[in-house]
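Chemist: Listed below, chain by chain, are the residues.
Number of protein chains: 2
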Amino acid sequence: MLNRTVFFISDGTGITASALGKLLEHFPSTNFTQVRMPFTDTLDKIKLAQVSILHATEANGGRPVVIMSLGDMELRNTLKQSNAYFIDLFNTFIDPLGLELDQKPLTGAGIAHSVMGTKYNDRMEAINFTLNHDDGMTNSGLEEAQVILIGVSRCGKTPTSVYLAMQFGIKAANYPLIPEDFERGALPAILHNHLDKIFGLTIKPERLHAVRNERRSGSFYASLDNCRKEIITAENLMRNAGITWADSTSRSVEELSAIIMERTRKPT
Amino acid sequence: MLNRTVFFISDGTGITASALGKLLEHFPSTNFTQVRMPFTDTLDKIKLAQVSILHATEANGGRPVVIMSLGDMELRNTLKQSNAYFIDLFNTFIDPLGLELDQKPLTGAGIAHSVMGTKYNDRMEAINFTLNHDDGMTNSGLEEAQVILIGVSRCGKTPTSVYLAMQFGIKAANYPLIPEDFERGALPAILHNHLDKIFGLTIKPERLHAVRNERRSGSFYASLDNCRKEIITAENLMRNAGITWADSTSRSVEELSAIIMERTRKPT
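So the sequence lines, in the order shown, correspond to chains A and B. Residue numbers for the first sequence follow the working numbering, so the first one is 26 and each next one is one higher. Residue numbers for the second sequence follow the working numbering, so the first one is 26 and each next one is one higher.
It is possible that some hints are incorrect.
[To be verified] Covered stretches of chain B (chain A as the covering partner; in silico rule of three or more C-beta atoms under 8 angstroms from a C-beta of chain A): (1) 67 to 73; (2) 177 to 189; (3) 266 to 279.
[Said to hold, decoys possible] With a cut-off of at most 16 angstroms between alpha-carbon atoms, the simulated EDC-like pairs for lysine to aspartate or glutamate come out as follows: (4) B:Lys-70 x A:Glu-287; (5) A:Lys-70 x B:Glu-287; (6) A:Lys-105 x A:Glu-50; (7) B:Lys-144 x A:Glu-205; (8) B:Lys-129 x A:Glu-287; (9) B:Lys-47 x A:Asp-120; (10) A:Lys-129 x B:Asp-120; (11) A:Lys-144 x B:Glu-50; (12) B:Lys-229 x B:Glu-260; (13) A:Lys-254 x A:Glu-205; (14) A:Lys-47 x B:Asp-120; (15) A:Lys-47 x A:Asp-120.
Everything labelled a hint here was simulated from the structure, so no lab data went into it. Treat the numbers as computed from the prediction; the structure is a model and nothing was measured. For glycine and all other residues, C-beta sits at the position ideal for the given N, C-alpha and C.
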């Protein structure tokens, strides 16, 4: 296993730079240590960064990868005097895109993640909505929801709802399917008016059993047998109501959200 | 105002590609329409994308920007036969980084946002923790918190906590500072054992007044006078307890989170 340090050096939050850090997962046989350096907006801070780069090179026996987003040309050029593999978002993306668009890019610090950013208020409102409509907490305001997730308890509805709100500004409510619904053999009545925005989640019984056991070890609720029955019944309920669903067993909230966005064709 | 369409075309969730979409905010005089096309993993889907690219070109009177992440070489090359400005994450980042690391990158679909990704379970656990410790909901389990945000009601604690959990896997509790605390002139007793992980948020009175008025218009709670008094008292409490704080008035949750991560020096 090779060791490499990756620095995310930005004059703003460094969030766009770190998002590219996900691409490192294409190289599973390198062990990356990730170091974030947000708000690196003075020469002094650049010099501190250079010291860290040197230390990391010595510690790893190989030069670091530096993913950088610095609007100021002097800071940019100074940093690049270090020996590292640089991925410069300005050089690579922003400046060439400016040529394509025939526009000079803004170079102030922290442009990308300011409150002026696209849809910021929508996202904050969506988070509030989603937290207030978690786990069937209230029946009021569902007409405002853009997506309503349903599924058995602990199948991943909450983190997926939160991700939809935070990332895409989608107002996502979620409703658990519970023994009461299974006995009645129908979705909760309140949902009947909102079938067009309901999306289901399901999960493999073995996984649900493991997840529930972490919380309530040895309970009937967590038993494999009960998990299996709940899942079969929930899937039948959803099938009868004509609801699309996805299996959360081996999918991340990012993957589930992308699927939900695609299937429910919400504008992004 | 120029119009341009930006396509995010990926064989996975498209989340890394869309993160780069933030860089478009460096070009405020272009009006970008953003179109996500996740799970574009067959030739048929590539051909549909090409049709959309052609339509967008006609509609905008200019070729679109395509930010693409496709592992498969045939899909990649086919897409590039369209007339567009391509930003190819493989060509630009992954392949050159492979040369630097002397490793062949994985090219399967959706590598970056699978549940196999770094720290996925930590992030899910952090979200659960954070939602269960929102708004001083419980005093139990605070020793597990990595950050505890405090501040007056509606100053941005909840969305910031959720972002810290979702993005960085930080277990972030939050506690409102309420009239009871102001009368006592001290932080809630339960927090005294956790001073080292407390971070404060504050806000300008005018902004707080506006935010609270949206919820409870005309109330004493929302009055500018009350907002001003609460904020002064809360800042005094925090100052006396030696707590660092940041002003949320014109900062996004991304910016606040980056500041909190930096000041509390939590490992990422």
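Chemist: Can you take a look at whether the region 177 to 189 of chain B is actually covered by chain A? Rule is 3+ residues, C-beta closer than 8 angstroms.
Modeler: With 4 residues close enough to chain A, the hint holds.
Chemist: Do the alpha carbons of B:Lys-70 and A:Glu-287 lie within 16 angstroms of each other, as the hint requires?
Modeler: Given that 16 angstroms is the threshold and the Cα spacing comes to 13 angstroms, the pair holds.
Chemist: With the threshold set at 16 angstroms, check whether the alpha-carbon distance from A:Lys-70 to B:Glu-287 stays at or below it.
Modeler: Holds, at roughly 13 angstroms.
Chemist: Please work out if B:Lys-47 and A:Asp-120 have their alpha carbons no farther apart than 16 angstroms.
Modeler: 14 angstroms, holds
Chemist: Hint check: A:Lys-129 vs B:Asp-120, CA-CA at most 16 angstroms. Holds or violated?
Modeler: 28 angstroms, violated
Chemist: Could you grab the alpha-carbon distance between A:Lys-47 and A:Asp-120 and see if it respects the 16 angstroms cut-off?
Modeler: 23 angstroms, violated
Chemist: With the threshold set at 16 angstroms, check whether the alpha-carbon distance from A:Lys-47 to B:Asp-120 stays at or below it.
Modeler: Holds - the C-alpha atoms of B:Asp-120 and A:Lys-47 are around 14 angstroms apart, at most 16 angstroms.
Chemist: Would you mind confirming whether the straight-line C-alpha gap from A:Lys-144 to B:Glu-50 stays at or under 16 angstroms?
Modeler: 12 angstroms, holds
Chemist: Taken at face value, is the distance from the CA of A:Glu-287 to the CA of B:Lys-129 at most 16 angstroms?
Modeler: 31 angstroms, violated
Chemist: Are there three or more residues in the region 67 to 73 of chain B whose C-beta lies within less than 8 angstroms of some C-beta in chain A?
Modeler: Coverage by chain A is violated for the region 67 to 73 of chain B (0 residues, Cβ < 8 angstroms).
Chemist: What's the verdict on A:Lys-105 and A:Glu-50, does the C-alpha distance respect the 16 angstroms limit or exceed it?
Modeler: With a Cα-Cα distance of about 25 angstroms, the restraint between A:Lys-105 and A:Glu-50 is violated, given a limit of 16 angstroms.
Chemist: Below or equal to 16 angstroms on CA atoms is what counts here, so check B:Lys-144 against A:Glu-205.
Modeler: Given that 16 angstroms is the threshold and the Cα spacing comes to 36 angstroms, the pair is violated.
Checked against the numbered hints given earlier, the structure breaks hints 1, 6, 7, 8, 10 and 15 and satisfies all the rest.
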